[in-house]
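Novice: Protein chains in written order, with the UniProt record's numbering: chain P, 1 to 255; chain E, 1 to 217.
Treat the hints as calculated values from the structure; they're not laboratory data. Keep in mind that the hints are not guaranteed to be accurate.
Unchecked claim - Taking lysine to aspartate or glutamate and the EDC-like style, the derived pairs with C-alpha atoms no more than 20 Å apart in a straight line are: (1) 166/P <-> 61/E; (2) 46/E <-> 140/P; (3) 97/E <-> 140/P.
Unchecked claim - From the structure, some residues in chain P lie toward chain E, with a derived Cβ separation under 8 Å: (4) 108; (5) 118; (6) 155; (7) 157.
Values in this document were obtained by computation on a predicted structure and should not be read as measured data. Yeah, the Cβ is synthetic: ideal placement off N, Cα and C, and Gly gets one too.
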Amino acid sequence: MRRVLIFSSPNPITPQLSTPPTPPVNAVFPIRNCRWIGPSTSFQPPVLRLHNYQRTPTPLLCSATDSVTNQTKMASQDEQDPRISKISSVIRVIPNFPKPGILFQDITTLLLDTKAFRDTIDLFVERYREKDISVVAGIEARGFIFGPPIALAIGAKFVPLRKPNKLPGEVISEEYSLEYGTDKIEMHVGAMQAGERALIIDDLVATGGTLCAAIRLLERVGVHVVECACVIELPELKGRERLGDTPLFVLVSSA
Amino acid sequence: MFAGDQNGLQGDPRLKAISEAIRVVPHFPKPGIMFQDITTLLLDHKAFKDAVDIFVDRYRDMDISVVAGVEARGFMFGPSIALAIGAKFVPLRKPRKLPGEVISEAYVLEYGTDCLEMHVGAVQPGERALVIDDLVATGGTLCAAIRLLERVGAQVVECACVVGLREVKGQHRLNGKPLYILVEPRQLTNCSAPSVNGVAVNGVETCRHNDLYLSAT
Numbered sequence: 001m002r003r004v005l006i007f008s009s010p011n012p013i014t015p016q017l018s019t020p021p022t023p024p025v026n027a028v029f030p031i032r033n034c035r036w037i038g039p040s041t042s043f044q045p046p047v048l049r050l051h052n053y054q055r056t057p058t059p060l061l062c063s064a065t066d067s068v069t070n071q072t073k074m075a076s077q078d079e080q081d082p083r084i085s086k087i088s089s090v091i092r093v094i095p096n097f098p099k100p101g102i103l104f105q106d107i108t109t110l111l112l113d114t115k116a117f118r119d120t121i122d123l124f125v126e127r128y129r130e131k132d133i134s135v136v137a138g139i140e141a142r143g144f145i146f147g148p149p150i151a152l153a154i155g156a157k158f159v160p161l162r163k164p165n166k167l168p169g170e171v172i173s174e175e176y177s178l179e180y181g182t183d184k185i186e187m188h189v190g191a192m193q194a195g196e197r198a199l200i201i202d203d204l205v206a207t208g209g210t211l212c213a214a215i216r217l218l219e220r221v222g223v224h225v226v227e228c229a230c231v232i233e234l235p236e237l238k239g240r241e242r243l244g245d246t247p248l249f250v251l252v253s254s255a
Numbered sequence: 001m002f003a004g005d006q007n008g009l010q011g012d013p014r015l016k017a018i019s020e021a022i023r024v025v026p027h028f029p030k031p032g033i034m035f036q037d038i039t040t041l042l043l044d045h046k047a048f049k050d051a052v053d054i055f056v057d058r059y060r061d062m063d064i065s066v067v068a069g070v071e072a073r074g075f076m077f078g079p080s081i082a083l084a085i086g087a088k089f090v091p092l093r094k095p096r097k098l099p100g101e102v103i104s105e106a107y108v109l110e111y112g113t114d115c116l117e118m119h120v121g122a123v124q125p126g127e128r129a130l131v132i133d134d135l136v137a138t139g140g141t142l143c144a145a146i147r148l149l150e151r152v153g154a155q156v157v158e159c160a161c162v163v164g165l166r167e168v169k170g171q172h173r174l175n176g177k178p179l180y181i182l183v184e185p186r187q188l189t190n191c192s193a194p195s196v197n198g199v200a201v202n203g204v205e206t207c208r209h210n211d212l213y214l215s216a217t
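Full structure from sequences and hints, please.
Specialist: Structure, rendered in structure tokens:
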């Protein structure tokens, strides 16, 4: 599935990338209170749209409208929740992964910060508890990290949406387009019942292709997808628009 | 060691419910293998919560600072345990999934080898770690996980799994690290399949097959 920023370069000739300087050995990885600083300004991303290349994702006011309920006012929507800037700051950006030109948003560093990880889950749980959500569907594999703690906290079941041939027994599949070719996600037959209210979770939304496939899967069995929730959004890739009527809630926007 | 062997958890009804919530899928991924499918456990909110609670109760006072979960089903249990005991969660992944600098550990499969990777710098020397996966069969993957953590100087306190055989063939291959398992695998009655997730089992337990999904497999 797509978790990375996909560039379409206007320049047909692949530009030569300057090699980013090697980070110091003892600071390859952010440690508590210390963040690995990405490559120096000599790094030139090959696409103009990254002219405002940032080391740190921009913290975002929770941008989804409160479509889950009209009554409850969410504290995190009224102003910048103080927890969000910390969450944003501990997400690591890895340039040129999985291939040159892509800035990979690495949430594993968030998982190393016990308070920030706890806050991430709390922000989702605060939004979705007591909203009659009976299913949390998580997209393989990083959706499996955030989905189950949320499901446990709000009293919902957790359903993994997986790559082909991983789930045993009877499954339904949904195909979706990639930049080159297609991919598929699968869900167990019978895991959800028609009429259930569901949340779909993943670590990041880019083009929205995977989330759309997930929405289609759930809707095929008659489930109502209340919202899609991700830690990070890459707004330039317009995943939010691609989701159509299904609302999207994110904690951090990486422009 | 099995959770149900311990004084505090003997006869604990939660263990029975956890066991019964796990679905057995015969002949997956290939003929002869009885696949222990924990996704049905995840559909049972109470049983899922109980499984996590049993692990949390065991590990919360053991000064564990790292929970390492093996991709991908270890990701379904590990983070909840980590959050509850105040530890960080470290994913151990298949090759080329983790961005940035990694260390790799190869391990042997029935045919060929596979590899597990961990981020450099995720775990510091001297940290006390727990390794989590849904199921232990031969112990090959868990051993690779232990080696990864020990290579960076961490101390693996225990490996924990939801399902495992009472006589894990490869138990000695866990390098002396203790193994904690919630429940034993179940079998279908009248089934001639000789193995559980690829590991031969002697004798057939009498247990029933719950049709836990609306559609039969």
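Novice: Now tell me, hint by hint, if it's right for this structure.
Specialist: Against the structure, the hints come out as follows:
1. 166/P <-> 61/E: 35 Å, violated
2. 46/E <-> 140/P: Since the Cα atoms of residue 46/E and residue 140/P sit roughly 23 Å apart, the hinted pair is violated (cutoff 20 Å).
3. 97/E <-> 140/P: 12 Å, holds
4. 108: Holds - the Cβ of residue 108/P comes within 8 Å of chain E, reaching about 6 Å at its closest.
5. 118: Holds, because the Cβ-Cβ distance from residue 118/P to chain E comes to roughly 6 Å (cut-off 8 Å).
6. 155: This interface hint holds because 6 Å falls under the 8 Å limit.
7. 157: Residue 157/P check passes; min Cβ-Cβ to chain E is 4 Å, inside 8 Å.
Hint violations for this structure: numbers 1 and 2, all remaining hints satisfied.
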